[in-house]
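K.L.:
Protein sequences appear in the order of chains A and B.
Residues in the first sequence are numbered consecutively from 0, following numbering that gives the first Met the number 0.
Residues in the second sequence are numbered consecutively from 0, following numbering that gives the first Met the number 0.
Do not take every clue at face value.
Claimed, not checked - Interface residues of chain B toward chain A, partial, derived using beta-carbon atoms under 10 Å:
1. 44
2. 47
3. 111
4. 227
5. 228
No lab work stands behind these hints, which were simulated from the structure alone.
All residues carry an ideal CB built from backbone N, CA and C; glycine is no exception.
There are 2 protein chains.
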Amino acid sequence: MNELELIRRIAARAPGRGLALGIGDDCAVYRPRGGVDLLFTTDMMIEDVHFRRETHPAEAVGWKTLARGLSDIAAMGGTPRFCLLSLAVAPWVDQRWIDRFYGGFLRLARKYGVALAGGDLAHAERVACDIVVCGSVARGKALRRDGARAGDHIYVSGRLGGSALGLATGAGAAWKKHLKPEPRIALGRFVREKLRATACMDLSDGLSLDLYRLCLASGVAAELTGPIPTFRGATLEQALDGGEDYELLFTVRPRTEVPRSFDGLPLARIGTIRKGRPGLVEFEGCPLPPRGYDHFRRGGRG
Amino acid sequence: MNELELIRRIAARAPGRGLALGIGDDCAVYRPRGGVDLLFTTDMMIEDVHFRRETHPAEAVGWKTLARGLSDIAAMGGTPRFCLLSLAVAPWVDQRWIDRFYGGFLRLARKYGVALAGGDLAHAERVACDIVVCGSVARGKALRRDGARAGDHIYVSGRLGGSALGLATGAGAAWKKHLKPEPRIALGRFVREKLRATACMDLSDGLSLDLYRLCLASGVAAELTGPIPTFRGATLEQALDGGEDYELLFTVRPRTEVPRSFDGLPLARIGTIRKGRPGLVEFEGCPLPPRGYDHFRRGGRG
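Could you put the whole structure together from the sequences, leaning on the hints where they help?
P.N.:
Written out as structure tokens, the structure reads:
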């Protein structure tokens with residue numbers, strides 16, 4: 000199968016709703032509506048870094064490639080619109096793997112009404128995917144990570160450490176959470192529109208590192224007063240430092256009434272924003288080191 | 000150097016003009032102007048596929064990564080606005096290589112006023128870059144490849160085969176053309192606004208394959224009547240089948256007056272669009288097989 004045939008095959012399966020021009024030309028064309036800001040995020044998935052051929056089914060690799068990008072759109076309170084996918088395939092990849100990869104990818108795309116606008120195809124030693132997702136949000140309303148203020152309450156969605164536990168055990172609900180994270184799109188909009196959050200981000204690299212980043216961006220410190228909602232069977236360390244949970248971390252003004260759950264997903268207060276050295280996070284009276292996953296410092300997570 | 004430090008370092012050097020929010024949050028934010036369509040294109044550059052560590056200077060890899068995306072914006076007659084860059088670095092990459100890579104990348108970005116809106120960083124076995132470029136064009140005015148009609152005249156810019164010659168010889172002006180192609184942004188706008196081209200695309204994979212694609216998209220055939228403008232020292236085969244020239248291929252209505260050059264760049268008529276089997280290209284009375292570079296069928300170009 001050559002490039003043209005593969006592109007035709009992908010284009011035939013890809014939803015193109017919302018695009019003025021989809022796959023097949025030099026560029027895709029998107030016609031933005033008035034009064035919106037557009038959100039852009041990009042994420043790589045690389046064989047032997049973010050996933051392994053032996054353990055990660057092709058469908059899950061496709062799903063997760065898109066889920067990571069959608070999670071960033073959720074973190075800004077946006078609605079995903081379209082995406083572009085670059086895929087470099089390794090010599091071991093066959094047509095069946097590619098079909099399953101796109102199967103998982105497009106299943107998630109359809110679920111959230113995200114058009115696949117285009118991409119690039121290449122060969123490489125190892126599989127490498129790169130996703131760009133575009134979302135939209137009412138003008139000036141994107142949820143940033145730099146708006147937290149002293150006194151704000153800190154919340155997280157869901158239960159943390161599931162993905163790290165799943166990666167360690169390769170079984171059960173935790174493994175499923177690791178393989179097919181659910182982007183918190185509806186929650187992101189709720190947090191922005193109804194809770195009027197002061198800051199928000201998604202937990203991609205672990206609570207300790209991501210909260211450090213939020214505090215650094217906002218020029219504030221944080222005190223974790225717990226309890227940290229922990230995935231069943233996960234250790235506290237996995238909940239604090241484990242990456243890839245893709246839950247939302249957000250701060251609200253202290254008088255904001257936050258429900259205990261949203262659409263069945265628990266929302267838990269875990270602490271308070273304080274004045275102090277920007278980025279300092281205290282837990283049980285001690286500084287919590289930002290030990291979450293740093294893609295660049297370490298060689299791999301998988 | 001960790002991810003946060005590297006991102007800070009890149010952000011400090013990156014032009015952010017035109018963005019509502021640049022590098023550092025979950026997403027970049029772009030506020031589109033009214034009355035425009037947005038163009039999106041994505042391209043990968045992979046070590047040992049698109050470039051080699053031993054022969055391609057880091058600065059040229061950075062330049063070319065962006066140039067390939069800008070060339071797609073030029074092909075639609077658009078103006079580039081911003082880009083996102085994902086970079087996976089191999090174990091052999093040091094800080095100096097990264098600095099030079101971004102040096103070449105950002106030099107070209109500044110030249111065309113393109114903001115670097117964000118990206119992703121990772122480690123991998125081999126260097127892999129993926130670029131997304133967003134451009135804008137007046138609503139409904141993007142130059143597509145599916146508008147060529149029987150009787151239209153076919154034109155190319157520049158002289159073809161230079162990049163293929165440069166790759167073969169590794170020296171002189173042809174090597175420079177291979178390493179640092181110049182995206183034809185101003186020409187693309189001229190072709191769209193003044194010549195009212197019926198179709199346009201950039202020559203990334205070789206004239207024979209790219210003209211085949213243009214004809215296929217437009218549902219027409221083509222007759223090459225030559226002469227094919229050939230880079231000094233390149234063979235006719237390199238001019239017909241060599242990739243990565245990043246010149247523009249476009250068609251205009253037969254009465255359109257096309258100047259012999261634009262801003263010093265030659266524009267040459269090479270043939271005529273005909274009725275016939277879609278995609279059929281004839282050259283000197285015989286069908287010309289689409290032999291240009293197919294990224295997906297073959298293992299590499301380097």
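K.L.:
Now tell me, hint by hint, if it's right for this structure.
P.N.:
For each hint, the structure was consulted:
no. : hint : in the structure
1   : 44   : holds, 9 Å
2   : 47   : holds, 7 Å
3   : 111  : violated, 15 Å
4   : 227  : violated, 22 Å
5   : 228  : violated, 21 Å
Violation of the numbered hints given earlier is confined to hints 3, 4, 5; the remaining hints are satisfied by the structure.
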